[in-house]
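Once you've looked at the hints, dock chain B against the given chain A.
Keeping their order, the protein sequence lines are chains A and B. Convert by adding 805 to the 1-based position in the first sequence; the result is the number in my numbering. Convert by adding 39 to the 1-based position in the second sequence; the result is the number in my numbering.
Accuracy of the hints is not assured; some may be wrong.
To be verified - Calculated pairs, BS3-like style, for lysine-lysine (alpha carbon to alpha carbon, straight line, at most 30 Å):
(1) A:888 to B:208
(2) B:187 to B:95
(3) B:95 to B:212
(4) A:888 to B:155
(5) B:155 to A:892
(6) A:892 to B:95
(7) B:95 to A:834
(8) B:212 to A:892
Claimed, not checked - Derived list of chain B stretches under chain A, where covered just means 3 residues or more per stretch with a C-beta under 8 Å from a C-beta of chain A:
(9) 44-54
(10) 81-95
(11) 117-123
(12) 142-149
(13) 174-187
(14) 190-201
No lab work stands behind these hints: they were computed from the structure. Quick caveat: nothing in here was measured; it's all calculated off a predicted structure. Beta carbons: idealized from backbone N, C-alpha and C, even for Gly.
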Amino acid sequence: MLIVVALMACGIITGYLLRNREFIRYTGKVVSAAIFLLLFLLGIAVGNNRDILDHLDTIGLKALVLTVAAALGSAMMAWLIFKYVYKKQN
Amino acid sequence: MKGSLTIIAFFIAGVLLSRFNLLPQRLVQSDYTLYALYFLMFVVGISIGSDKQALKALFKPNLKIMALPLGTILGTWIGVSFASLVIQGMSLPDCLAIGSGFGYYSLSSVFITEFKGAEMGTIALASNIIRELLALLLAPLWVRYFGKLAVISVGGATTMDTTLPVITKFSGKEYVVVAVFHGFVVDLSVPFLVTFFCAV
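The following block holds chain A by itself, in its conformation from the complex:
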């Protein structure tokens, strides 16, 4: 875990030092490519794992419950902020 944080910190410093170089503009594309590769590899891990394939329904249900709760929680916070921060200013 520490390695990941350290690598990201190194990346931030590297990015800052090289911020005016032409090739920096392509970092977004490189990030996308790396993500595609990683999701392909995740797919391979899932396809190779009977345990997950046999429980796709419960996995989907867990994801749905989790996400509805997350969406409701953030919507309520947004409502409070709308009422007490945004409306008050106007």
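Positioned in the frame of chain A, the structure of chain B alone reads:
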């Protein structure tokens, strides 16, 4: 939406290829993922470091404009904490790590896969795709019942790109700047927060 389809296509291609044994065993049982992830985090760092706006948001946060992204993050945590009480087999940190994807399913799911296993990674992928869909498909309902900022909060990290059109339509043009800034900050927080909750 096109981006999401590409991502799902890569994932499904991987599932099918390994399910039907169309791949060399060496590739299936390897640790390439970890190195790809290290590479990804380094490049994400570069993209933050070379971006003036990102550095500013990271080191000079302005409390007033930060209210909504902070509310989104806090509200998500509150919501998934309740969910962790009813979902069997998932700990509070599991739920918080997955919730902290805020709809940024690609980055958060590969990360969670590496540190919590393929099952949690799959839940993270599904959960964060559903989050984007909830914002896109239910936009008018969020606005009607929870006010104009709600669809931005539900959109999470996606409000500066994929969900921006529905926000423009249902919250109004005057919220575009709020939405872009919100998406930007929440998006930026994902690698930090997901790492954190994978570590605790």
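Evaluated hints:
| no. | hint | in the structure |
| --- | --- | --- |
| 1 | A:888 to B:208 | holds (21 Å) |
| 2 | B:187 to B:95 | holds (27 Å) |
| 3 | B:95 to B:212 | holds (25 Å) |
| 4 | A:888 to B:155 | violated (38 Å) |
| 5 | B:155 to A:892 | violated (42 Å) |
| 6 | A:892 to B:95 | holds (27 Å) |
| 7 | B:95 to A:834 | holds (23 Å) |
| 8 | B:212 to A:892 | holds (17 Å) |
| 9 | 44-54 | holds (count 8) |
| 10 | 81-95 | holds (count 12) |
| 11 | 117-123 | holds (count 5) |
| 12 | 142-149 | holds (count 4) |
| 13 | 174-187 | holds (count 6) |
| 14 | 190-201 | holds (count 4) |
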